Amino acid sequence: QQKVQQSPESLIVPEGGMASLNCTSSDRNVDYFWWYRQHSGKSPKMLMSIFSNGEKEEGRFTVHLNKASLHTSLHIRDSQPSDSALYLCAASNSGTYQRFGTGTKLQVVP
Amino acid sequence: NSKVIQTPRYLVKGQGQKAKMRCIPEKGHPVVFWYQQNKNNEFKFLINFQNQEVLQQIDMTEKRFSAECPSNSPCSLEIQSSEAGDSALYLCASSLSREGTGQLYFGEGSKLTVL
Chain A
762 QQKVQQSPES
772 LIVPEGGMAS
782 LNCTSSDRNV
792 DYFWWYRQHS
802 GKSPKMLMSI
812 FSNGEKEEGR
822 FTVHLNKASL
832 HTSLHIRDSQ
842 PSDSALYLCA
852 ASNSGTYQRF
862 GTGTKLQVVP
Chain B
-17 NSKVIQTPRY
-7 LVKGQGQKAK
3 MRCIPEKGHP
13 VVFWYQQNKN
23 NEFKFLINFQ
33 NQEVLQQIDM
43 TEKRFSAECP
53 SNSPCSLEIQ
63 SSEAGDSALY
73 LCASSLSREG
83 TGQLYFGEGS
93 KLTVL
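From first to last, the protein sequence lines stand for chains A and B.
Heads up: the first sequence begins at 762 in our numbering, then just goes up one per residue.
Heads up: the second sequence begins at -17 in our numbering, then just goes up one per residue.
Because the hints were derived from the structure by calculation, they are not lab data.
These numbers come from a predicted model, not from an experiment.
We put the beta carbon where it would ideally sit given N, CA and C, even for glycine.
Warning: the hint list may mix true and false statements.
Quick list of simulated restraints, FRET-style, between CB atoms [to be verified]:
id	chain 1	residue 1	chain 2	residue 2	range
1	B	-1	A	818	45 to 55 Å
2	A	800	B	40	21 to 31 Å
3	A	832	B	9	29 to 39 Å
Isolated chain A (complex conformation) (with noise of 0.2 Å):
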């Protein structure tokens, strides 16, 4: 069973609207959580990371983390054709690995 749930599988925004993407670990011992994006036929590359309560914004891109719900969204303002791409979240803790959703395929149309 797939222990990093991500929601919706696949979103289409309008340039320049609001893209909001869902994170959510099954998996109660995890401390760490991960964004990255790929784009089509590239590697994957880290966007944001987030470890402690709260909400961490870089840019256009905003994070929130709920530890006690084990959820993270990742929210892209102003969204640009450019962001199209699969956006993988990642959860791990000291101990292990990062194990990955299987991502939201998100498309911005001009």
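The hints should help you fit chain B onto chain A, whose structure is shown.
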């Protein structure tokens, strides 16, 4: 551009054939991971190393899969007898940390097709 170098980018093998992939981690990164990404975007962790030492590996790796990270040579992942279900993108990643706190830096992957 990825600083983790994976070769070859593409492999096509018949069932039962060997498939070997190589990875040069980013300079200064002591930890190397291998993941399998299938067509449904399911990531499966295979094995990780710190320098030449295996840290963790899954059962699947112990059977048909073998991997090593020799000193002063590329790391490698080899499938002894390829099966159709092995068709996937094999991603190598390196990290500064063996702990789960380290960011992963991925290579472009080796896409294996087993006919």
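Now for the hints, and whether the structure bears them out:
Against the hinted window of 45 to 55 Å, the Cβ-Cβ separation of residue -1 of chain B and residue 818 of chain A comes to about 49 Å, which satisfies the hint. About 28 Å separates the C-beta atoms of residue 800 of chain A and residue 40 of chain B, a value consistent with the hinted range of 21 to 31 Å. Range check, residue 832 of chain A to residue 9 of chain B: Cβ separation about 36 Å, and the 29 to 39 Å hint holds.
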